[in-house]
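**Student:** The lines below spell out each chain.
Number of protein chains: 2
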Amino acid sequence: MQVKRAIILLMAGQSERFGESKRKQLTVINGKEMFLYPLDTFFDSKMFSNIVLVVCDEDIEDVKAILHREGYDSDDFAIVKGGETRNQSVFNAIEFLDAIGFDGDILIHDAVRPCVPVDVISSLITGLDSFDAVTPVLCVSDSVMSSDGEYLDRNNIYRVQTPQAFHFDVLRQIYSNTIDEKSTDDYSKAVNYGYRTSTVTGSYLLMKVTFSDDLKIIEKILA
Amino acid sequence: MQVKRAIILLMAGQSERFGESKRKQLTVINGKEMFLYPLDTFFDSKMFSNIVLVVCDEDIEDVKAILHREGYDSDDFAIVKGGETRNQSVFNAIEFLDAIGFDGDILIHDAVRPCVPVDVISSLITGLDSFDAVTPVLCVSDSVMSSDGEYLDRNNIYRVQTPQAFHFDVLRQIYSNTIDEKSTDDYSKAVNYGYRTSTVTGSYLLMKVTFSDDLKIIEKILA
Chain Z
47 MQVKRAIILL
57 MAGQSERFGE
67 SKRKQLTVIN
77 GKEMFLYPLD
87 TFFDSKMFSN
97 IVLVVCDEDI
107 EDVKAILHRE
117 GYDSDDFAIV
127 KGGETRNQSV
137 FNAIEFLDAI
147 GFDGDILIHD
157 AVRPCVPVDV
167 ISSLITGLDS
177 FDAVTPVLCV
187 SDSVMSSDGE
197 YLDRNNIYRV
207 QTPQAFHFDV
217 LRQIYSNTID
227 EKSTDDYSKA
237 VNYGYRTSTV
247 TGSYLLMKVT
257 FSDDLKIIEK
267 ILA
Chain X
47 MQVKRAIILL
57 MAGQSERFGE
67 SKRKQLTVIN
77 GKEMFLYPLD
87 TFFDSKMFSN
97 IVLVVCDEDI
107 EDVKAILHRE
117 GYDSDDFAIV
127 KGGETRNQSV
137 FNAIEFLDAI
147 GFDGDILIHD
157 AVRPCVPVDV
167 ISSLITGLDS
177 FDAVTPVLCV
187 SDSVMSSDGE
197 YLDRNNIYRV
207 QTPQAFHFDV
217 LRQIYSNTID
227 EKSTDDYSKA
237 VNYGYRTSTV
247 TGSYLLMKVT
257 FSDDLKIIEK
267 ILA
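One line per chain: the protein sequences are Z and X, in this order.
Position 99 (the first sequence) corresponds to 145 in this note's numbering; numbering is contiguous.
Position 94 (the second sequence) corresponds to 140 in this note's numbering; numbering is contiguous.
For the record, the hints were derived by calculation from the structure and aren't laboratory data.
These figures come from a predicted structure and were not determined experimentally.
Just to be clear, a hint being listed does not mean it is correct.
When chains are identical, the list treats them as one kind, so a pair holds in a single copy or across two.
[To be verified] Calculated cross-link-like contacts (lysine to aspartate or glutamate; reagent style EDC-like; alpha-carbon spacing at most 20 Å): (1) 50 - 122; (2) 228 - 199; (3) 68 - 104; (4) 262 - 165; (5) 68 - 103; (6) 228 - 196; (7) 68 - 108; (8) 50 - 215; (9) 254 - 199; (10) 78 - 119; (11) 68 - 259; (12) 78 - 122.
Here chain Z stands alone, though its shape is the one from the complex (with noise of 0.2 Å):
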């Protein structure tokens, strides 16, 4: 492969939200944990050079045992350890791709998404010819209400979803100062800075588990 390109794959999310005893990142939806379903995704596309997970501590030794079911061989990706919120997970990604002398184009993706179309892939690699960091957004078809009752105006409105993609120099400078962790998005971390910034077409199916209700609709999203 020539173009150098890394997925950080994030799933050290702690769930508070999710009520059930699991990591709901390890939760076996269909047979296979969900990580597996978007990391199987990154990896059979062979558009990535480095596949970088990002694990919980405690989760580290039963992600390698999975992996080794499924037949990945351990120089196919890289565990690096999971911080204490997604901004600090982050952060140690791009510390690890640092520190082995990673440079070019690189994708973020949360694990919670597990059904990533290619073609969403596709379309923010293509953006990164352009511009320097690019997510995929999805339009509301709903009507949009906000919480004390006003209605807004739909058309104005998108939902921003991942993989969002990045120039490696550009996620790394905007890492190297102090995180506001009130903002977990890394895309507007990118338009905050003044990066050239771009959106391309998202997906229904790229629906994210939040809550333990929302495992089986996944289920058949993902059958």
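Following the hints, complete the assembly by docking chain X onto the known chain Z.
**Tutor:** Relative to chain Z, chain X alone:
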């Protein structure tokens, strides 16, 4: 059935953004026309004394033939001619129900949301015990961006879905005056009128089919 309860199933929309020759409500998904999914759900729930289908003039014969094919009797439902706008279609259904002396609870649903979980229907009906208008809403798990690139607080934003539930006299009152065609959301009209309104938890399954690309997703959800 003691309680009088009607469902208005709107299927006269013009599908302008859909990009297929056939009206999307009549698109066949997994071997069945889209509108039959919600219709079957409402019919099989046995929660409704009256089912009103609002259909485009040019589709009426097709719809009757499909219903006959599916084993429905002509007294299982009423067909009302659709108007030029969603609001006019709702108005036509209200006029019909008024004319037959209907008085009870009413749900309004867009047939382009073919997958209706029965527990959402039950929540709406229960909600009408204490409120004049009830809608399902869904939290937004994604980050939310406005078209000028500004991020909004997703904790303050809800996606408004259908079916929406009303006391019939409330709905009649709302539609007795000139209707603001800019607003296509009946629940918002009840909010603006100052009626007692409330929300229940919607569902990701209540996806609205807007674009032709949505078909492959709803196929999975309905499978």
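**Student:** Are the hints correct? Go through all of them and say.
**Tutor:** Checked hints:
1. 50 - 122: This pair counts as within: shortest intra-copy Cα distance 14 Å, inter-copy 63 Å.
2. 228 - 199: For residue 228 and residue 199, only the inter-copy Cα distance (11 Å) is at most 20 Å; the intra-copy one is 25 Å.
3. 68 - 104: Classified as within: same-chain Cα gap 11 Å, cross-chain 54 Å, threshold 20 Å.
4. 262 - 165: between (25 Å within a copy, 14 Å between copies)
5. 68 - 103: within (14 Å within a copy, 54 Å between copies)
6. 228 - 196: between (24 Å within a copy, 15 Å between copies)
7. 68 - 108: within (12 Å within a copy, 51 Å between copies)
8. 50 - 215: Only inside one copy: residue 50 and residue 215 sit 13 Å apart there, 65 Å across copies, limit 20 Å.
9. 254 - 199: Between copies only: 17 Å across chains, 23 Å inside a chain, cut-off 20 Å.
10. 78 - 119: Intra 18 Å, inter 45 Å, cutoff 20 Å: intra-copy only.
11. 68 - 259: within (15 Å within a copy, 34 Å between copies)
12. 78 - 122: within (19 Å within a copy, 44 Å between copies)
Violated hints for the displayed structure: none, as all numbered hints are satisfied.
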